[in-house]
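J.: Same order as they appear, the protein sequences are chains V and B. Count the first sequence with the working numbering and you get residues 1361 to 1834, in order. Count the second sequence with the working numbering and you get residues 113 to 309, in order.
Quick caveat, the hints were computed from the structure, so don't treat them as lab data. Here a beta-carbon is modelled for each residue, glycine too, at the ideal position from N, C-alpha and C. A few of these clues could be false.
[As the list claims (entries may be wrong)] A short list of chain B residues far from chain V (calculated; beta carbon distances all over 12 Å):
1) 122
2) 199
3) 202
4) 240
5) 244
[Said to hold, decoys possible] Restricting the straight-line Cα-Cα distance to at most 25 Å, the calculated cross-link-like pairs of lysine to any residue (SDA-like) are:
6) B:303 / V:1614
7) B:144 / V:1436
8) V:1524 / V:1630
9) B:160 / V:1688
10) B:241 / V:1676
11) V:1623 / B:296
12) B:298 / V:1376
13) V:1681 / B:181
14) V:1753 / V:1730
15) B:298 / V:1617
[As the list claims (entries may be wrong)] Between beta-carbon pairs, the in silico distance windows are:
16) V:1689 / B:159: 21 to 29 Å
17) V:1596 / B:157: 38 to 46 Å
18) B:287 / V:1636: 37 to 45 Å
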Amino acid sequence: MGRTLAEKVWDDHVVRRAEGEPDLLFIDLHLLHEVTSPQAFDGLRQAGRKVRRTDLTIATEDHNTPTLDIDKPIADPVSRVQLETLRKNAAEFGVRLHSLGDVEQGVVHVVGPQLGLTQPGTTVVCGDSHTSTHGAFGGLAFGIGTSQVEHVLATQTLPMARPKTMAITVDGELPEGVTAKDLILAIIAKIGTGGGQGYILEYRGSAIEKLSMEARMTICNMSIEAGARAGMIAPDETTFAYLEGRPHAPKGTEWDEAVAYWKTLKTDDDAVFDAEVFIKADELAPFVTWGTNPGQGAPLSASVPDPASYEDASERYAAEKALEYMGLTAGQPLREIKVDTVFVGSCTNGRMEDLRAVAEILKGRKVADGVRALIVPGSARVGLLAVEEGLDKVFKEAGAEWRYAGCSMCLGMNPDQLAPGERSASTSNRNFEGRQGKGGRTHLVSPQVAAATAVLGHLASPADLSDVPVAAGV
Amino acid sequence: MEAFTTHTGRAVPLRRSNVDTDQIIPAHWLKKVTRDGFEDGLFEAWRKDSEFVLNQPERKGATVLVAGPDFGTGSSREHAVWALQNYGFKAVISSRFADIFRGNSLKNGLLTVVLDQKVVDALQELVEKDPQAEITVDLQEREVRAEGVTASFELDENSRWRLLNGLDDISITLRNESDIAAYEAKRPAFKPQTVQV
Ligand code: SF4
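Excised from the complex, chain V in its bound form (with noise of 0.2 Å):
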């Protein structure tokens, strides 16, 4: 019988198979920033380990780092200890690491894929569940807890129990101004935030050839919001033709050899997915959330929900407190929803494309009296480009503030935080009770969908924006 695309990377990476215990399985590449690690490294320190392969290892800074003044002292004690931490074990270890201030640095799930490091049949771990990003290029990836970390420093290896395998299939295409977002916001409130649990989820369909890379890693990225520990996409001529002359990408004979062997990382025809699930593109509009987690979610043009509505038990209340901690009532039309502020950044959608297209949209229009627009690059070679694209300038004018790289506002550990009671429309991944910061409200929505509800202060996709008049002379 034919194979998953995931069941052959796994297979491809099996260092020892025995009854009755999990997988022995190699991880090509790990990625490290300074919240998962710390205790990782002090783990290896109290049993006399080194790293196994530091040539198979990167770390970066991007959780903590402020995106003001990054040339002055860190002002968080916290943080600074939580940086300085890296630092240190970076070089008692003898780990790369790229930190504040050079061009490397960046959200890691930004960092990998830019240097060409993320590549097709790769097995791909890092202490944070969006790990699942770097499926977009074909390879396996998942989020680990840090006592994985500490075992993937010592062994290069993690004990794993094969999941199981999910198809979701989009055919179609996706109509005018709906993005990669919108598709996988709507595929999580289909299949529910525990829906893809266990499962390995492989996108497939015509709609998902058609994307670019960048939009399939804001695909995959939001894999573990259904629950699913990865997801994937299989590498074609997109994926190839992203990573070549990246700098850590193969060169030569090497690259040839690559693409042979990454030529035959796809789903055999006759292979059955455990489970399997299909969308039809077509049928989707933009698509925001209403609650506090990403499956409460609906398109912009309907209404918040009653949790009367609910026939299980524990999602109507779940729909109650959503409601409450929201602010909202039931009924209330999702496009009158105020915001105070806009948040355009992390590692789903702190991309170029995505940095693109909220400037297509803001060039020329001003956000609205009152809301406040933080535009933060994914990495700091994103903000490179778009301040060499001249994006900076458009962000600025509009009346938008432009930062330097990280995390930022999408967990709020740095100053960028959302006060309480103050809602924002976010293109990060989560909007957990007080995930932006204590007591603020979030919603999550894509780039084009930010800059829309910037210039309009509620709710709104950029087909709302007809009315309003750009400025003369743009």
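Given the coordinates of chain V, assemble chain B with the ligand onto it according to the supplied hints.
T.: This is chain B with the ligand only, laid out in the frame that chain V set:
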């Protein structure tokens, strides 16, 4: 890792579904560089509410958390497990756990027990009615026992063996070092390397 064989203790009922790791331990606690001292961060936001179940005096010293479905969703932070353990929890019972959280818990010796929602409901009712009621989580027998409730649970043999013996994964893996070396020797040259180019 401390071994887990069987544990009996009073319980805290947490009737919420989808309790994510940001609720278990908020992000600002993640700046700590140690594995201990997280107990005050556990459910920090909810604990501001005096009515919250953890604040009720009769729940003091409870060691078993009986949670709603989909407990531990969200981020991979192992701090969530440490916070539960630092607070004093030895076991968490739910009808469904998020994968990463479950993996993390078993690696740290916090036993996460999956039971049918009906059984979880029965346990919650029991401990809501009688805060002194005790729950026994028996890993030897793979069984949860409380007044009026006896339910067996599943846990793969490998995890069970590791927990019963308190073994850590790294030393187990390093027994197979030669397998790792053999794999490395035949790994294709085109695979990525992080050394600066
Ligand atoms: S951008 Fe957000 S989701 Fe991504 S790694 Fe940073 S904190 Fe996590």
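J.: CA of residue 1524 (chain V) to CA of residue 1630 (chain V), is that 25 Å or under?
T.: Measuring from Cα to Cα gives roughly 17 Å; hence the hint holds.
J.: Between residue 160 (chain B) and residue 1688 (chain V), is the straight-line Cα distance small enough, at 25 Å or below?
T.: Holds: residue 160 (chain B) and residue 1688 (chain V) sit about 22 Å apart, inside 25 Å.
J.: Is the Cβ of residue 122 (chain B) farther than 12 Å from every Cβ of chain V?
T.: holds (24 Å)
J.: Assess, step by step, whether the Cα of residue 298 (chain B) is no farther than 25 Å from the Cα of residue 1376 (chain V), and give holds or violated.
T.: holds (14 Å)
J.: Within 25 Å, alpha carbon to alpha carbon, are residue 241 (chain B) and residue 1676 (chain V)?
T.: Holds: residue 241 (chain B) and residue 1676 (chain V) sit about 23 Å apart, inside 25 Å.
J.: Is the nearest Cβ of chain V still more than 12 Å from the Cβ of residue 244 (chain B)?
T.: Holds, because the least Cβ-Cβ distance between residue 244 (chain B) and chain V comes to about 26 Å, which exceeds 12 Å.
J.: Assuming the hint says 37 to 45 Å, is it satisfied by the Cβ distance from residue 287 (chain B) to residue 1636 (chain V) or not?
T.: Cβ of residue 287 (chain B) to Cβ of residue 1636 (chain V): about 40 Å, so the range 37 to 45 Å holds.
J.: Can the restraint linking residue 1681 (chain V) and residue 181 (chain B) be considered satisfied, given a maximum Cα separation of 25 Å?
T.: holds (15 Å)
J.: Between residue 1623 (chain V) and residue 296 (chain B), is the straight-line Cα distance small enough, at 25 Å or below?
T.: holds (23 Å)
J.: Taking the minimum C-beta separation from residue 240 (chain B) to chain V, is that value above 12 Å?
T.: holds (15 Å)
J.: Report holds if the minimum CB distance from residue 199 (chain B) to chain V is greater than 12 Å, and violated otherwise.
T.: holds (18 Å)
J.: Check whether the Cα positions of residue 298 (chain B) and residue 1617 (chain V) lie no farther apart than 25 Å.
T.: Within the cut-off at roughly 15 Å; holds.
Consistency with the previously given hints is maintained throughout, with no hint failing.
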